[in-house]
Amino acid sequence: MSETIILLEQVNKHYQKINALQDIDLRLEAGEVLGLFGHNGAGKTTMMKLILGIIKVSAGNISVFGLDPLDKQAWASRKKIGYLPENVSFYDQLSGTEVLTYFARLKSAPKNQIVELLEKVGLADAKDRAAKTYSKGMRQRLGLAQAFLGNPKLLLLDEPTVGLDPSATQEFYSSVDQLKSSGASIILCSHVLPGVEQHIDRAMILSAGKSAAIGSLQDLRDAAQLPVSIKTKGINGALKNNAQLAGFMVAHNHLLVPESQKVQIIRQLMEFENISDIQVEAASLEHIYQHYLADNKRSIEQESKL
Amino acid sequence: MTPILAVALKEFQDGIRNRWFISITLIFSLLSIGLSYYASAASGQIAPPSLSTTIASLSSLSVFIIPLIALLLCYDSFVGEQESGTLLLLLTYPISHGQLLLGKFLGMGSIITLATVLGFGSAALLLGFNSSFAAVLPAFSLFILTSILLGLTFVGFAFVISLSVSEKSKAAGLSLIVWLFFILVFDLVLLALLIGIENGVSQQGLVQLMMLNPADLFRLINLAALDTGDVNGVLAVAVNSSHSAMTLLLVMLGWVIAPLLAAMAVFSKKTI
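If you read the protein sequences in the order shown, they are chains A and B. Residue 166 in our numbering sits at position 90 of the first sequence, and the numbers go up by one each step. Residue 231 in our numbering sits at position 110 of the second sequence, and the numbers go up by one each step.
If we strip away everything but chain A, and leave its shape as in the complex, we get (with noise of 0.2 Å):
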């Protein structure tokens, strides 16, 4: 039923002597998001620009709405893609307004979609005005506008929600929410996102080159037995005198419990009579993505050790 939009078989690249990307294999589905983690120069930015068809891929397969982006007959399918580089500063001189109607025309989107968008991104009073006079987070709007031009099929968000502010970032997930269910697939891109969990299907893991990990936040998080972190109130010390809770414990009043475990400990709370509150958190995206790194860093040392 769904159509795959990206397919990348064992890809990889490499800049002169750096080893930019290894053996990564990935699978997008229509209407799917994946989140697309990593620390700085993991690779993040290369992947995208292959997809992108910038950059020729040094070894392996990649296919874009099923062909290679570097084909000339995937020039009709950039039209459907939609693109938001990480550091960009539009032509300053221009307004918001002119600067959508260029890459508008460029993209053969329709002309009425740029009062639209800048709407939508919440730069309606600021069209007119000469994009040199906007914040870093109205240049960031203005550049998800771009990239939203044209109803795109596929986006690759590139540190989408930086220097957007609390409700700015809200409503760009909304966006977000509303092209997934319009059937489009799209990459967000960042080191870490503040509340991207519930708006994204996988998330993969770069490090150094190499997919450190891949899959839905239930899998990794279930792959990585990351604890989950209980804090109690009311208590007051009857949690040390407790031999089974007492091994569990990593602070007053707080402990981190495996998964497995989770429920028999909340029972056993439950049964202290002065238990006030109690605040229950699975492992975080961040927690996933700090033990996956760590995890690859030491594969890497044996690895070199041996």
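The set of hints was computed from the structure by calculation and includes no laboratory data. Glycine included, each C-beta is placed from N, C-alpha and C at the ideal position. Where hints are given, some of them may not hold.
Said to hold, decoys possible - Here are the computed lysine-lysine pairs in the BS3-like style, where the Cα-Cα straight-line distance is at most 27 Å: (1) B:K391 to A:K155; (2) A:K156 to B:K391; (3) B:K390 to A:K212.
Unchecked claim - Now the in silico label distances, taken between C-beta atoms and shown as ranges: (4) B:L312 to A:G117: 51 to 59 Å; (5) B:G155 to A:W151: 47 to 55 Å; (6) A:N163 to B:P259: 53 to 61 Å; (7) B:F185 to A:A135: 46 to 54 Å; (8) B:H218 to A:N95: 22 to 30 Å; (9) B:I137 to A:N163: 27 to 35 Å.
Following the hints, put chain B in place on chain A, whose structure we already have.
What follows is chain B alone, placed relative to chain A:
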């Protein structure tokens, strides 16, 4: 709208917006009108200057100014967009390297072309009213046509420079060196060859050497069309050669196309 036209339109509008167009037009018209009236003073006469004196003075001044303006207008055309990140973005759009290059050439070329026609054309009109159009028009048409070709050549040079470097400041420096080479150094070397080596360069050989420099070609074509009495220096030797103006114009056209091809080659190898 085709991508080429979209890019050309944007570049042209940019040129109008940042007042490049109006400035170039003003410079050219002031220069040509001024020289039409006062060029005679330089040659020590008080009478109104002859048409050939005017064109001779105009070409020796334009040969400095037109390349400089073209380089200034275009040196950051690619490296500027690379620095701000829009070049990377443009390359993800449905537009090929060639289309982008051609679009920019059309847009910026139109600015130079239009400014040349309006600027120098205004002087031609003034002169025509004061004397006769029959004499003024042919001389000025050739001058304007070659000015446009010279401008376009250096637009192409600016593109090659802009695509070869990754910093704006380097592009600016390199532009200055290119300008210095074609306008000053090349002629000095030619002179040195003529004087230093006896019978080293024949008249024919000299003209052929001058074809390697679009700025010299520009002077050659314009001065060859005049009464040779107003011409002196290295050029006086070359002017009496047998090449027709048509051949020289074609070589100049080649000088417009060659840098563009070079720019295309650099662009396709460029990593962003």
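Quick rundown of the hints versus the structure:
For the proposed pair K391 (chain B) and K155 (chain A), the alpha carbon gap of about 23 Å is at most 27 Å, so the pair holds. Of the supplied pair hints, the one linking K156 (chain A) and K391 (chain B) holds, its CA atoms being roughly 25 Å apart against a limit of 27 Å. Only pairs whose Cα atoms come within 27 Å are accepted, and K390 (chain B) paired with K212 (chain A) is rejected, the gap being roughly 33 Å. In this structure the hint that L312 (chain B) and G117 (chain A) lie 51 to 59 Å apart at CB holds, the actual value being about 54 Å.
Checked against the hint of 47 to 55 Å, the C-beta distance between G155 (chain B) and W151 (chain A) comes to roughly 51 Å, which is consistent with it. Range check, N163 (chain A) to P259 (chain B): Cβ separation about 54 Å, and the 53 to 61 Å hint holds. Hint check: F185 (chain B) to A135 (chain A), Cβ distance near 53 Å, so the stated range 46 to 54 Å holds. The hinted window of 22 to 30 Å between H218 (chain B) and N95 (chain A) holds, with their beta carbons roughly 27 Å apart.
At roughly 29 Å, the beta-carbon separation of I137 (chain B) and N163 (chain A) lies within the given 27 to 35 Å, and the hint holds.
Checked against the numbered hints above, the structure violates only hint 3.
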